[in-house]
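A.B. asks: Numbering of the sequence shown is given in our numbering, commencing with residue 26 and proceeding in unit increments.
Rather than coming from a laboratory, the hints here were simulated on the basis of the structure.
It cannot be assumed that every hint is accurate.
As the list claims (entries may be wrong) - Estimated spans, in silico, between C-beta atoms of each pair:
#1 66 / 88: 13 to 23 Å
#2 57 / 28: 31 to 41 Å
#3 70 / 28: 43 to 53 Å
#4 65 / 38: 41 to 51 Å
#5 78 / 37: 17 to 27 Å
#6 80 / 51: 22 to 32 Å
We put the beta carbon where it would ideally sit given N, CA and C, even for glycine.
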Amino acid sequence: FHRPDTHGIVLPSPYELWPQYFVNMEAIYRMVSTQLLKGDFPEEEAKEYGIFKQDSNYYYYYNYSDA
Numbered sequence: 026f027h028r029p030d031t032h033g034i035v036l037p038s039p040y041e042l043w044p045q046y047f048v049n050m051e052a053i054y055r056m057v058s059t060q061l062l063k064g065d066f067p068e069e070e071a072k073e074y075g076i077f078k079q080d081s082n083y084y085y086y087y088n089y090s091d092a
């Protein structure tokens with residue numbers, strides 16, 4: 026059901042609006058640090074913290090299990 030005045034409006038996904046509820050704060054901290062440093066950090070340090078760059082994208086590995 027759409028109201029005529031809201032037809033065509035697409036709302037963003039909840040994980041885009043509130044990432045803190047879907048991603049651990051440590052992972053968000055890594056992403057913000059990468060953005061602030063503009064990706065300029067030692068490669069060995071990046072591997073230690075699970076940050077990898079492929080093409081122009083950054084990937085962050087994080088273990089969400091308690092084990």
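A.B. asks: Does each hint hold? Answer for all of them.
C.D. replies: Here's how the hints hold up against the structure:
{"no.": "1", "hint": "66 / 88: 13 to 23 Å", "verdict": "21 Å, holds"}
{"no.": "2", "hint": "57 / 28: 31 to 41 Å", "verdict": "38 Å, holds"}
{"no.": "3", "hint": "70 / 28: 43 to 53 Å", "verdict": "52 Å, holds"}
{"no.": "4", "hint": "65 / 38: 41 to 51 Å", "verdict": "30 Å, violated"}
{"no.": "5", "hint": "78 / 37: 17 to 27 Å", "verdict": "26 Å, holds"}
{"no.": "6", "hint": "80 / 51: 22 to 32 Å", "verdict": "25 Å, holds"}
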